[in-house]
Amino acid sequence: MLQIVNSLDHLESCDTDVLSVFDVNLLPHLDKWLLENPKRFLVCIEKKLQVFLQAKAQWQNPQIRLYHWNSNASLCHRIAWEFCLLRLTQVAACEEELIFSKMLEEIHLQVHLLISDFRDLGEVIIANLLQNVGQMPISLLGESLENCCQNIPAIICGAGPSLDRQIPMLIQIQEKALLFGAGSAMCALETQGVYPHFGVAFDPDPPPSRYLTQTGYETPYFYQSRISSRQLASLHGQKLWMPDSDNYPLERWIYQELGLNYPLIDSGFTAANFCALIAAHLGCNPIICVGMDFCSPSNQVYAAGMQADQGNWVECINAKKEKRISKPDWLASSSWLDQFAEKNKEIKWIYTDQEAMPLAHVKYLPLEQVSLPGAFDTASFSYALTAQASRSEITRADLQAVLHRLSNSFIEALDLCNQLLKLWEKHYPHSILETGELALLESDLAQNICVQKLLLPLWEIWKWPILRQEEHIPTRTLHQHLFFKKAVEIHLSTFKSLKIC
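Start counting the sequence shown at 1; every next residue gets the next number (this note's numbering).
Worth flagging that the hints you see were computed from the coordinates, not collected in a lab.
One or more hints might be untrue.
The list that follows gives simulated cross-link-like pairs (lysine to any residue, SDA-like), each with its CA atoms no further than 20 Å apart [said to hold, decoys possible]: (1) K102 with T16; (2) K102 with N318; (3) K323 with T16; (4) K486 with P474.
Using C-beta positions, here's what the derived DEER-type ranges look like [as the list claims (entries may be wrong)]: (5) K102 with Q63: 22 to 28 Å; (6) H472 with C148: 55 to 61 Å; (7) R119 with K422: 26 to 32 Å; (8) T477 with Y383: 52 to 58 Å; (9) E322 with C148: 19 to 25 Å; (10) Q63 with H236: 18 to 24 Å.
All residues carry an ideal CB built from backbone N, CA and C; glycine is no exception.
Make the full structure from the sequences, and use the hints.
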């Protein structure tokens with residue numbers, strides 16, 4: 001997480017890996033702090049171009065990064081990626097600097113969560129993808145239901161502690177709106193006698209207790225291919241597939257090869273975000289958020305019956321200005337929902353509990369005061385809705401052909417990596433960067449599906465922490481080749497365990 005402070009007065013008590021300041025004149029005063037630990041970094045953002053250029057010529061310390069000031073997100077992204085996985089403290093002494101720091105804080109959090117998805121080099125999510133793609137011949141295409149629920153109210157339920165207070169009202173109005181259960185909220189709702197019309201699955205590796213205890217196995221479920229393959233296999237109702245974001249180009253390649261060319265969608269950071277996206281895609285209006293607190297008191301972090309997990313808890317303030325705790329993905333999720341509501345102003349967005357995080361573009365209104373239409377047979381409507389969804393025309397033979405081609409590309413990629421490392425050994429201690437042998441191998445790498453759709457996207461993420469202190473170009477290239485070999489070996493092991501190759 002990023003910490004924002006307004007001065008350097010208490011630097012000695014600041015537990016941080018990276019210190020970011022405005023004004024290069026502060027650099028001489030921070031020499032002692034920097035020298036205390038060779039793993040520390042100092043970032044200096046200079047607003048005056050001439051001063052910045054002079055400082056670049058003067059300061060050559062590899063622990064120091066100098067950037068010319070601009071107030072847009074590009075600099076924030078550069079700093080957030082450069083120092084991902086490190087504790088960052090930003091000094092902001094004026095309003096302009098504070099605005100920039102807040103933007104950096106949000107982007108730093110998003111980068112942290114994205115890297116968390118790839119912490120195992122994508123092993124869990126790719127394994128889910130390879131198994132879940134087998135569900136496509138029997139899945140419905142959720143994308144085909146766009147605007148099929150125009151002006152029908154949607155209540156999207158999260159598993160926050162405020163959900164308990166809303167249960168009696170949800171029971172009363174469950175035939176006046178479509179109820180969506182986001183992730184683990186399905187269990188919390190079912191244990192209290194509320195059965196959503198749709199479930200929404202998002203987590204690639206949830207605790208089994210959060211879905212194996214569900215009783216509504218026939219409930220239609222929206223899902224993305226990233227979700228737990230065990231959870232997807234446990235569902236017996238209609239499965240409605242939705243496309244994912246562009247975080248995994250390999251997934252997009254697989255579905256394009258299978259003839260599915262739906263546009264990518266940004267489904268946010270949590271099942272609650274995915275729920276909001278689906279309700280908006282269906283054309284629901286209003287969209288009412290229940291149990292989507294994004295924060296909680298320390299003595300109850302989930303609705304009744306839900307076991308609290310170990311989390312990277314941080315302090316925050318709820319809509320009533322009370323101290324609460326939250327997690328990085330909850331904070332990012334609340335920001336995503338607020339921005340999504342702003343982009344979709346034609347929808348009336350409502351949240352029903354003031355103990356939730358404050359959202360600028362989602363209006364607070366108690367659930368009992370929300371105006372809803374007369375009762376209708378919502379259960380029959382939800383099943384009739386799924387009957388309208390298109391089916392993919394993907395066959396088992398199609399799947400086998402695409403996965404066989406993919407498997408061969410992984411085997412070829414490993415062979416190319418081994419050839420690259422042998423080339424380094426052959427020319428050691430000299431560089432291979434100017435050799436014709438490397439040029440030929442790089443031509444083969446450029447044609448390989450595994451390299452282009454998985455290894456290179458993974459490298460674009462992990463190169464930042466791997467190369468953070470490495471400036472020697474040949475060594476940087478060697479790091480990339482070693483990384484490729486490690487990653488492809490991990491994923492080939494998955495292919496073999498699933499008997500795909």
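So, going through the hints one by one against the coordinates:
Only pairs whose Cα atoms come within 20 Å are accepted, and K102 paired with T16 is accepted, the gap being roughly 18 Å. For the hint linking K102 to N318, the alpha-carbon distance of about 18 Å falls within 20 Å, and the restraint holds. Taking the CA atoms of K323 and T16, the gap is about 24 Å. The hint is violated against a cut of 20 Å. Between K486 and P474, the direct Cα distance comes to roughly 19 Å. Compliance with the 20 Å bound is thereby established for this hinted pair.
At roughly 26 Å, the beta-carbon separation of K102 and Q63 lies within the given 22 to 28 Å, and the hint holds. About 57 Å separates the C-beta atoms of H472 and C148, a value consistent with the hinted range of 55 to 61 Å. Separated by about 30 Å at the C-beta atoms, R119 and K422 satisfy the suggested range of 26 to 32 Å. Taking 52 to 58 Å as the suggested C-beta distance range, the pair T477 and Y383 conforms, at roughly 56 Å.
As the Cβ distance of E322 to C148 is approximately 40 Å, the hint placing it in 19 to 25 Å is violated. Roughly 57 Å separates the CB atoms of Q63 and H236, a value that falls outside the hinted 18 to 24 Å.
When held up to the earlier numbered hints, the structure conflicts with 3, 9, 10 and fits the remainder.
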